[in-house]
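Asker: Quick note, the sequences are listed as chains A and B, same order.
All residue numbers for the first sequence refer to the working numbering, where the first residue is 2 and numbers rise by one.
All residue numbers for the second sequence refer to the working numbering, where the first residue is 2 and numbers rise by one.
Simulated from the structure, these hints should not be mistaken for lab results.
Fair warning: there could be bad hints in the mix.
All copies of an identical chain are treated as equivalent in the list; a pair is satisfied when it fits inside any one copy or across any two copies.
20 Å max Cα-Cα, derived PhoX-like pairs, lysine-lysine [stated by the list, open to error]:
#, residue 1, residue 2
1, 107, 21
2, 107, 36
3, 132, 16
4, 21, 143
5, 54, 91
6, 143, 95
7, 21, 132
8, 54, 100
9, 123, 21
10, 132, 143
11, 123, 91
12, 95, 36
Number of protein chains: 2
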Amino acid sequence: MKTQLEKNEGASAEKELFVKMVIDAWETQNSRVDKLLEDVSIEQLQAETAPGKNSGIYLLGHLTAVSDGLLPILGFGERLQPELENIFLKNPDKSELEKPSIDELKRYWNEINAALRNHFDKTSADEWLAKHTAVSDEDFAKEPHRNKLNVLISRTNHQSYHLGQLAFLTGK
Amino acid sequence: MKTQLEKNEGASAEKELFVKMVIDAWETQNSRVDKLLEDVSIEQLQAETAPGKNSGIYLLGHLTAVSDGLLPILGFGERLQPELENIFLKNPDKSELEKPSIDELKRYWNEINAALRNHFDKTSADEWLAKHTAVSDEDFAKEPHRNKLNVLISRTNHQSYHLGQLAFLTGK
Numbered sequence: 002m003k004t005q006l007e008k009n010e011g012a013s014a015e016k017e018l019f020v021k022m023v024i025d026a027w028e029t030q031n032s033r034v035d036k037l038l039e040d041v042s043i044e045q046l047q048a049e050t051a052p053g054k055n056s057g058i059y060l061l062g063h064l065t066a067v068s069d070g071l072l073p074i075l076g077f078g079e080r081l082q083p084e085l086e087n088i089f090l091k092n093p094d095k096s097e098l099e100k101p102s103i104d105e106l107k108r109y110w111n112e113i114n115a116a117l118r119n120h121f122d123k124t125s126a127d128e129w130l131a132k133h134t135a136v137s138d139e140d141f142a143k144e145p146h147r148n149k150l151n152v153l154i155s156r157t158n159h160q161s162y163h164l165g166q167l168a169f170l171t172g173k
Numbered sequence: 002m003k004t005q006l007e008k009n010e011g012a013s014a015e016k017e018l019f020v021k022m023v024i025d026a027w028e029t030q031n032s033r034v035d036k037l038l039e040d041v042s043i044e045q046l047q048a049e050t051a052p053g054k055n056s057g058i059y060l061l062g063h064l065t066a067v068s069d070g071l072l073p074i075l076g077f078g079e080r081l082q083p084e085l086e087n088i089f090l091k092n093p094d095k096s097e098l099e100k101p102s103i104d105e106l107k108r109y110w111n112e113i114n115a116a117l118r119n120h121f122d123k124t125s126a127d128e129w130l131a132k133h134t135a136v137s138d139e140d141f142a143k144e145p146h147r148n149k150l151n152v153l154i155s156r157t158n159h160q161s162y163h164l165g166q167l168a169f170l171t172g173k
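Input sequences plus hints: build the corresponding full structure.
Answerer: Written out as structure tokens, the structure reads:
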């Protein structure tokens, strides 16, 4: 028979385990993007992922901009590269807007992921279950699943979606 | 100040919330595949998602076979369509193996998802945190994240990955 203290510790360990599972899934997708970026040439990244579809560089910028947007939505601070939002989120690949170079984008990608990782390390399981910044107190009271951890689950799937498309660049 | 009973109830509610978030993410991806299947023609599904890449029908069969494989790995029972494993998991698109028709595949897809949903409804949060059937007791003691819920997180990302590729069939 477990004591009450053991029960409390068990509940807390379980909560941390849930958070670890979600962050691990996020990191796994990030590592896969990193690996792909090592494997593809500049020319491959500049090409369309399929005829008439988004280019590799656009998808890299798009994923970087979405990851950058995690900083404000999770309450960690401002975006590091706010100019990416207009180029890669509000406008399509074939816009007139000038894109950063692939080297710049890769640097942003790494810096933003490092910043996120740094914040994740300092975020407790209870903080992950708190509301994200784009939901009102009132809505959150009715819909407690609209928390920070759920944002990360959703963004992880978004990343997988585009990773599947980026994989077409590798010729595999 | 919360009583111990309230604390216990809170911990249990949080656990159920975590499980709900993961299942919701899975169902969201399933709904997106369902929507795509409504939107594409038979001809589009038979085509390659990009030149030289997997066809729509192969990816549909692949996702269906992976979902079917959730039944044994989560301890819910045997696969409903075990023949899909050889055609869509162990062999590539351009194998000599005869594939089921698109109508059959769509039916399997729906039946397997309905079976999974039925099992999910009967699975408690604690059962989700139990080990899946492909990990040993010994390994699980050291790596408690290798539980059933983690399998579902991983399969949800796998589905998103191929959904990104299937989206190329729609011409959007």
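Asker: Hint by hint, note whether the structure agrees.
Answerer: The hints, checked one at a time:
no.: 1; hint: 107 x 21; in the structure: neither (26 Å within a copy, 35 Å between copies)
no.: 2; hint: 107 x 36; in the structure: within (12 Å within a copy, 34 Å between copies)
no.: 3; hint: 132 x 16; in the structure: both (16 Å within a copy, 16 Å between copies)
no.: 4; hint: 21 x 143; in the structure: between (26 Å within a copy, 15 Å between copies)
no.: 5; hint: 54 x 91; in the structure: within (17 Å within a copy, 29 Å between copies)
no.: 6; hint: 143 x 95; in the structure: neither (41 Å within a copy, 50 Å between copies)
no.: 7; hint: 21 x 132; in the structure: both (18 Å within a copy, 16 Å between copies)
no.: 8; hint: 54 x 100; in the structure: within (17 Å within a copy, 28 Å between copies)
no.: 9; hint: 123 x 21; in the structure: within (13 Å within a copy, 25 Å between copies)
no.: 10; hint: 132 x 143; in the structure: within (11 Å within a copy, 32 Å between copies)
no.: 11; hint: 123 x 91; in the structure: neither (31 Å within a copy, 42 Å between copies)
no.: 12; hint: 95 x 36; in the structure: neither (26 Å within a copy, 27 Å between copies)
Violated hints, in rising order: 1, 6, 11, 12; the structure is consistent with all others.
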